[in-house]
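K.L.:
Read off the chains here:
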Amino acid sequence: NAGVTQTPKFQVLKTGQSMTLQCAQDMNHNSMYWYRQDPGMGLRLIYYSASEGTTDKGEVPNGYNVSRLNKREFSLRLESAAPSQTSVYFCASSELWGKLAKNIQYFGAGTRLSVL
Amino acid sequence: GESVGLHLPTLSVQEGDNSIINCAYSNSASDYFIWYKQESGKGPQFIIDIRSNMDKRQGQRVTVLLNKTVKHLSLQIAATQPGDSAVYFCAETPGGGADGLTFGKGTHLIIQP
Numbered sequence: 412n413a414g415v416t417q418t419p420k421f422q423v424l425k426t427g428q429s430m431t432l433q434c435a436q437d438m439n440h441n442s443m444y445w446y447r448q449d450p451g452m453g454l455r456l457i458y459y460s461a462s463e464g465t466t467d468k469g470e471v472p473n474g475y476n477v478s479r480l481n482k483r484e485f486s487l488r489l490e491s492a493a494p495s496q497t498s499v500y501f502c503a504s505s506e507l508w509g510k511l512a513k514n515i516q517y518f519g520a521g522t523r524l525s526v527l
Numbered sequence: 014g015e016s017v018g019l020h021l022p023t024l025s026v027q028e029g030d031n032s033i034i035n036c037a038y039s040n041s042a043s044d045y046f047i048w049y050k051q052e053s054g055k056g057p058q059f060i061i062d063i064r065s066n067m068d069k070r071q072g073q074r075v076t077v078l079l080n081k082t083v084k085h086l087s088l089q090i091a092a093t094q095p096g097d098s099a100v101y102f103c104a105e106t107p108g109g110g111a112d113g114l115t116f117g118k119g120t121h122l123i124i125q126p
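Protein chains in written order, with the working numbering: chain A, 412 to 527; chain B, 14 to 126.
Do not take every clue at face value.
Simulated crosslink set (DSS-like; lysine-lysine; CA at most 27 Å straight-line) [claimed, not checked]:
(1) A:K513 with B:K84
(2) B:K118 with A:K513
(3) A:K420 with B:K55
(4) B:K69 with A:K468
(5) A:K425 with B:K55
(6) A:K468 with B:K55
(7) B:K55 with A:K482
(8) A:K513 with B:K69
(9) B:K84 with A:K425
(10) A:K482 with A:K468
The following label-pair restraints were derived from C-beta to C-beta distances [as the list claims (entries may be wrong)]:
(11) A:S478 with B:E52: 42 to 48 Å
(12) A:E484 with B:P22: 34 to 40 Å
(13) B:E52 with A:P419: 17 to 23 Å
(14) A:K425 with B:P107: 38 to 44 Å
(15) B:G96 with A:D437: 25 to 31 Å
(16) B:A91 with A:S495: 40 to 46 Å
These stretches of chain A come out as covered by chain B in the derived footprint (C-beta under 8 Å, 3 or more residues) [as the list claims (entries may be wrong)]:
(17) 435-449
(18) 452-466
Everything labelled a hint here was simulated from the structure, so no lab data went into it.
By construction, the Cβ of each residue, glycine as well, lies at the ideal position given by its N, Cα and C atoms.
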């Protein structure tokens, strides 16, 4: 099983360029998430989608948009990239069903983005 | 704002010894805690979790302890091996929902031969 797959693995952008980070999961999970990780830091939540058709802002949503394309796919878009968005981006998914559901999130390998 | 954090950025232990990684949290509403392991160049990998109605939970070579009185969480790794070398994060979320996780900054575990 592939789990959570992110593309691309690496990307270099110039300031002002746009791009979309892709994420797909094959575990039939309901919830999906986008985080960013800066050097020496923990992960910070950008956006999440609790279920297909819904999206919500996380801790650091400014400069990003998301689309939950279907149950499998959740994309993150940078409309006008800035150097402050240089980071490693992680997508995650979580099953979350039942009354005692646990929010165990499973992560992809990440996209390393540099904005010059 | 409330956050989850770790006491030490780096922990160096001898191979075969036990490792203890600590985490403090400030959100008294936190209901569910997870420890993740992140190897260089990879995404975080789930290790073990614990709900707030428990004090201790054991897995294979790992134990998580939760002290709600002082809002402290620890991860114990028994008989540390070279493959345990990684950054360890605690993460927290309120229970019952699909909210994102709040991560601490991480502790880098270094295994000395």
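K.L.:
Tell me the hint numbers this structure goes against, listed in increasing order.
P.N.:
Failing hints, ascending: 4, 9, 11.
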